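Sequences are here, hints too, so could you generate the full structure?
Taken in sequence, the protein lines are chains A and B. Each step along the first sequence adds one to the number in my numbering, with nothing skipped, and position 202 is 202. Each step along the second sequence adds one to the number in my numbering, with nothing skipped, and position 38 is 38.
Source of the hints: derived by calculation from the structure; they are not laboratory data. Fair warning: this is a prediction, and the values are worked out from it, not measured in the lab. Do not rely on the hints blindly, as some may be mistaken.
[To be verified] Looking from chain B toward chain A, a few residues come up when the C-beta cut is under 10 Å (computed):
1. ILE39
2. SER41
3. PRO79
4. ILE83
5. ILE84
6. PHE115
7. GLY127
8. MET197
9. ALA198
10. HIS211
11. ARG214
Note that the Cβ used here is the ideal one computed from N, Cα and C, for glycine as well.
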Amino acid sequence: MEELVSIFVRSVFIDNMVFAYFLGMCSYLAVSRTVNTSVGLGAAVIFVLGITVPFNYLLESFVLGRGALSWLGPQFASVDLSFLTFIMFIAIIAAMVQLVEMIVEKFSPTLHSALGIFLPLIAVNCAILGGSLFMQERNFANIAEATSFGLGSGVGFFLAIVGIAAIREKIRYSQVPAPLRGLGITFIITGLMGIAFMSFMGIEL
Amino acid sequence: MSDNTNNPQKEALLSPKNQKLLSNPLDRDNPITVQVLGICSVLAITVQLKTSLVMAISVVTVMGLANVIISLLRKGIPPRIRIIVQLTVIAALVILVDQVLKAFVYDVSRQLSVFVGLIITNCIIMGRLEAFALNNKPWPSFLDGIGNAAGYGWVLLAVGFFRELLGSGTLFGYQVIPNFLYEMGYENNGFMILPPMALITVGVIIWVHRHRNRSLVDIS
Numbered sequence: 001m002e003e004l005v006s007i008f009v010r011s012v013f014i015d016n017m018v019f020a021y022f023l024g025m026c027s028y029l030a031v032s033r034t035v036n037t038s039v040g041l042g043a044a045v046i047f048v049l050g051i052t053v054p055f056n057y058l059l060e061s062f063v064l065g066r067g068a069l070s071w072l073g074p075q076f077a078s079v080d081l082s083f084l085t086f087i088m089f090i091a092i093i094a095a096m097v098q099l100v101e102m103i104v105e106k107f108s109p110t111l112h113s114a115l116g117i118f119l120p121l122i123a124v125n126c127a128i129l130g131g132s133l134f135m136q137e138r139n140f141a142n143i144a145e146a147t148s149f150g151l152g153s154g155v156g157f158f159l160a161i162v163g164i165a166a167i168r169e170k171i172r173y174s175q176v177p178a179p180l181r182g183l184g185i186t187f188i189i190t191g192l193m194g195i196a197f198m199s200f201m202g203i204e205l
Numbered sequence: 001m002s003d004n005t006n007n008p009q010k011e012a013l014l015s016p017k018n019q020k021l022l023s024n025p026l027d028r029d030n031p032i033t034v035q036v037l038g039i040c041s042v043l044a045i046t047v048q049l050k051t052s053l054v055m056a057i058s059v060v061t062v063m064g065l066a067n068v069i070i071s072l073l074r075k076g077i078p079p080r081i082r083i084i085v086q087l088t089v090i091a092a093l094v095i096l097v098d099q100v101l102k103a104f105v106y107d108v109s110r111q112l113s114v115f116v117g118l119i120i121t122n123c124i125i126m127g128r129l130e131a132f133a134l135n136n137k138p139w140p141s142f143l144d145g146i147g148n149a150a151g152y153g154w155v156l157l158a159v160g161f162f163r164e165l166l167g168s169g170t171l172f173g174y175q176v177i178p179n180f181l182y183e184m185g186y187e188n189n190g191f192m193i194l195p196p197m198a199l200i201t202v203g204v205i206i207w208v209h210r211h212r213n214r215s216l217v218d219i220s
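Put into structure tokens, the structure is as follows:
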């Protein structure tokens, strides 16, 4: 249990998807104009990461990894399908996003109208694929740890995008040099937020 | 590249229109500083010039080929499942690039770690497939892909250049800041190696680019 909390906190603050690895930057920059839309996208990312990371963990440990197929019989013990990782992960992500969209549409129309346009966008959000690839790199011990990592990364993205959206709403009233307005200043603010987040570095949990 | 046969309009291979396809993304339509696509990898792998160069070449390859393949298939892809088809084509090409990198430049491939895989979700590639290759012939699509990837590449190299020069005093791993400067008290700016400085460097590049090109200034 302790381990799970520690992984969660690590992935929210120390290994933050946006500030430490710059994943999901495209949607981070494109959707952060207002706080409302950024909350929608952030929630959708938490949701999808929380589902796809454990799912891909199962795929990795029972199909793709070296010797992962040995449950089929001893003759499969030396099969290594890891070169298929990218294509399988992205297929799972695209399929899960589609599935989640259909389920949400069926059972909660309000949530669907809130997340609506963001869900398809998420299939090509690098934070999602990145989450699965980092999960593969870190060799988690069991599926609970992988889930905690996925949810933590999602929450980290949520914090980052809501934070920048709030700042961008305010900065409209400031005197920014004309060529820097919009995109340029957003980059620089993100850099400064990244420096702030670096203060979490080196914390042992 | 003799794709002349794919071009029934008998247009010159590098007509002014085609040249525009190649040169616009380098400046006015730059994927990074203007369209804001494919930022993730620019920031993460530009600590050294070498990784930036390998990444730029990988993206040029994947993008040129993906654009040609999708453009050849464009009449056969049902619109409903086009995203899956595009992702599959890109993922297949990225697997090829990844295996080549692992075979020939293993240490760089280790440094790039997950970011080679993340070329799949690089929004420039998807964006150009959606916006251009689905409606155009293979040769213009190829030029468009190469042009956009090159526009992406030069920003990548520029960021990598400044970060490696100021951060470690080297270029491609060779020391370029002469020793007597260090003796006079010059120090490498260790801050440039840290991730947030990539963002600020890109911010400054955007600033300079828009300053020179007033039509791009954001008036909203």
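Taking the hints in turn, this is what the structure says about them:
no. : hint   : verdict
1   : ILE39  : 4 Å, holds
2   : SER41  : 8 Å, holds
3   : PRO79  : 14 Å, violated
4   : ILE83  : 7 Å, holds
5   : ILE84  : 6 Å, holds
6   : PHE115 : 9 Å, holds
7   : GLY127 : 9 Å, holds
8   : MET197 : 7 Å, holds
9   : ALA198 : 7 Å, holds
10  : HIS211 : 4 Å, holds
11  : ARG214 : 8 Å, holds
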